[in-house]
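*Asks:* Please model the complete structure; the sequences and the hints are all you need to start from.
4 protein chains.
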Amino acid sequence: MNKSEATRQKILETTTWLIGQYGIEKASLSMIANSVGIQKPSIYYYYSSKEQLVDAVFAWILEGYSFEKYFQINEYTKNNFVEKMISDGLQLLGEETTDTQMLVVQVLNEFLLYGNRESSHNKGYRLKIKAVQEGFIDGFLRLLQKGEEFGHTDSKGLREKACVLALTLDNLSNYPMIGIQLDVSAVWRETITSVLSKKGDFK
Amino acid sequence: MNKSEATRQKILETTTWLIGQYGIEKASLSMIANSVGIQKPSIYYYYSSKEQLVDAVFAWILEGYSFEKYFQINEYTKNNFVEKMISDGLQLLGEETTDTQMLVVQVLNEFLLYGNRESSHNKGYRLKIKAVQEGFIDGFLRLLQKGEEFGHTDSKGLREKACVLALTLDNLSNYPMIGIQLDVSAVWRETITSVLSKKGDFK
Amino acid sequence: MNKSEATRQKILETTTWLIGQYGIEKASLSMIANSVGIQKPSIYYYYSSKEQLVDAVFAWILEGYSFEKYFQINEYTKNNFVEKMISDGLQLLGEETTDTQMLVVQVLNEFLLYGNRESSHNKGYRLKIKAVQEGFIDGFLRLLQKGEEFGHTDSKGLREKACVLALTLDNLSNYPMIGIQLDVSAVWRETITSVLSKKGDFK
Amino acid sequence: MNKSEATRQKILETTTWLIGQYGIEKASLSMIANSVGIQKPSIYYYYSSKEQLVDAVFAWILEGYSFEKYFQINEYTKNNFVEKMISDGLQLLGEETTDTQMLVVQVLNEFLLYGNRESSHNKGYRLKIKAVQEGFIDGFLRLLQKGEEFGHTDSKGLREKACVLALTLDNLSNYPMIGIQLDVSAVWRETITSVLSKKGDFK
DNA sequence: TATGAATGAGCATTCATTCAT
DNA sequence: AATGAATGAATGCTCATTCAT
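Residue numbers (UniProt numbering), protein chains in the order written: chain A, 1 to 203; chain B, 1 to 203; chain C, 1 to 203; chain D, 1 to 203.
Hints may be right or wrong, so weigh each one.
[Said to hold, decoys possible] Below, in silico cross-link-like pairs of lysine-lysine (DSS-like), each with a Cα-Cα straight-line distance of 25 angstroms or less:
{"hint": "1", "chain 1": "B", "residue 1": "K40", "chain 2": "C", "residue 2": "K50"}
{"hint": "2", "chain 1": "A", "residue 1": "K146", "chain 2": "A", "residue 2": "K84"}
{"hint": "3", "chain 1": "B", "residue 1": "K128", "chain 2": "A", "residue 2": "K26"}
{"hint": "4", "chain 1": "D", "residue 1": "K128", "chain 2": "B", "residue 2": "K26"}
{"hint": "5", "chain 1": "A", "residue 1": "K26", "chain 2": "B", "residue 2": "K40"}
{"hint": "6", "chain 1": "B", "residue 1": "K156", "chain 2": "A", "residue 2": "K26"}
{"hint": "7", "chain 1": "D", "residue 1": "K26", "chain 2": "A", "residue 2": "K26"}
{"hint": "8", "chain 1": "C", "residue 1": "K26", "chain 2": "D", "residue 2": "K84"}
{"hint": "9", "chain 1": "C", "residue 1": "K26", "chain 2": "D", "residue 2": "K78"}
{"hint": "10", "chain 1": "D", "residue 1": "K26", "chain 2": "C", "residue 2": "K128"}
{"hint": "11", "chain 1": "C", "residue 1": "K26", "chain 2": "B", "residue 2": "K50"}
{"hint": "12", "chain 1": "D", "residue 1": "K128", "chain 2": "C", "residue 2": "K26"}
{"hint": "13", "chain 1": "D", "residue 1": "K128", "chain 2": "B", "residue 2": "K50"}
{"hint": "14", "chain 1": "B", "residue 1": "K3", "chain 2": "C", "residue 2": "K128"}
{"hint": "15", "chain 1": "A", "residue 1": "K84", "chain 2": "B", "residue 2": "K156"}
{"hint": "16", "chain 1": "D", "residue 1": "K26", "chain 2": "D", "residue 2": "K128"}
{"hint": "17", "chain 1": "A", "residue 1": "K26", "chain 2": "B", "residue 2": "K3"}
Just so you know, the hints here were simulated from the structure itself, not pulled from any lab data.
*Replies:* Structure follows, in structure tokens:
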């Protein structure tokens, strides 16, 4: 990476960090320039406006955050099914919540709220986050269908079950933000167990 | 309500609405005054600073948002247990998501993020939201313990089950914000059914 | 004094105190009303504007601050002359500097500077303070003329000597404001002694 | 001086002038910017806050205002002693009071009062002015000690005499502010003569 | 005699942005 | 590739003042 690209990347990372700390609107170009160690107008050499810089941060944060990255359906077998669902989820959630994870969660939520606001010119934020979430729901649905084939669950209410899984995963990554200490591993395991339970007769 | 109190209330409601639309920091006193139909300094007659006004909005939003308001444990019997859990939850979630509910959810999340930011002097926001969420977890735990007495679930992993319920309820009210259309009723029913399932053998 | 007059007086005294603490412009009507224990518009019942209130404070502070109040020329005799000059001056200066004296000095200086400013509509402040100071110079001149008759000093440079006395007295009361600790009594005594010295042959 | 430094200096001088005319608090950044011929935010490019700008004005005004600048003790001899004290003092006082001198005196007094106020966060103003004044007292003391060696005065009450000289010099530069026309030269000469007079037998 | 409610003008400060260099 | 200098627009806030009651 040449020097120019390195500066561009440093601006991106610093901005992400500052958005996590101060929010999108309060993370000012002065702050960013200061943290990066350059002068304010220099940012405009790399990003034509704050809006574009913020867009770049969003794209950077979202890139690679997908169901497929954590759950590889074709690796699931009858034998490893339950345990692999648990461990794949825990991989996403992390054994313990790291600062980086907290940052990503905080920033994603910043964008989610920002994208819902009137002032935001880029409603794309919400749509893209929606797409990612729907990706998780669809992914879990496909996974559960496979699980049904394996006999790990019955066929009723599969979509709802997929939703429960996606919602719980989402919320488990959000809870540290509130400061609530959960046994993430236990809750996720319990969720899987509950959801797969064949007695769950949904009408 | 006299005229003065009406103005105070109008400022409060307008601010809530504007925070939902533009965020806490971008909801400026000019905007608020303009929307209310008064001049900017008049706001200071009712609230001594923007911070205090924002605090009042927070208190107003949070007031009455508690487990006990929606789930009356002592009304649960062996016979109505499952259906009452479902219906009490649905009462909180609402048959269909109203604009007001959307507003409350958006604003609560604004406060959650705002309270996490460095610049915010009022970390109390996060703590109070945390308390409410913990109230739901504790409430569901007590409810599940009663459920166990009734034989509706077994005693293992009660706390984790309570967490799943609280998380799901929280996320179900958050999802509309992303724009995902869920069969809220079905998902909540499925969650209850899954969680209560006796086969859930948590180790 | 009836209640109304008492309130009027309390406003006056409070304003004087606050001007001493915060300056004329920063002593706001809010602060004054707050300190007095009334509401802001109530001040207008007693004083038609802030300017008029400030004028009243000025008049109140200046009233009774004159040469004649401290130096009664007709009581001076050949025998008591020097010692009476010293003691009369010390009476004005005070044995030790009291808070009230500090307040008066600070406030007078506030008015002196305020009166010199462009923004001040009332240039009268400076003129009235000037009159008082000239009163002291003239007073000392008459006193020194009497002293010459008594043979305590010679006739040369009497006006200049009067000026030195007036200036020194003024400055001795101002110095505490700077925080310089002086043996006020000794300096004043020395000034009198120096000034009266017959050997001072002024050309 | 390049253009940038010229602007910085122009801001400094304009602010000094406006403080002299309107006081520290009423000399607003709008006024300053307007007078300089720039826009308000541009001031922030040179001074990070109004407080810092005001500090800079204070430092600029005080710089070079010291006893040593006007009285070079080592140049005093037995023969030139009295006349040099007179002429050095007159050099400080100026033959006639110029507008610049008036401005400096007014501004210094603005700072003295400002530094005494509760609201002022920078009590340093008073301390620095105090240091300068004490510098004059100490300087005159050293000078008088030299004068005693030369036989121009006796050893009694030297410190009090030094105070009289410092006070008088200070007040002579302050008097024009009140508008009193004095024969500055004559008064200063008389003060020196009086103070040096050997007959001044201070007990 | 006093005040609750309101306001126009002004304040210091911050911001994203521009542009010549 | 980067920046020094500058700015229009907006922010939260304070002020003296008004006026109906």
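*Asks:* Could you tell me which of the hints above the structure violates, numbers in ascending order?
*Replies:* 4, 6, 7, 8, 9, 13, 14 and 17
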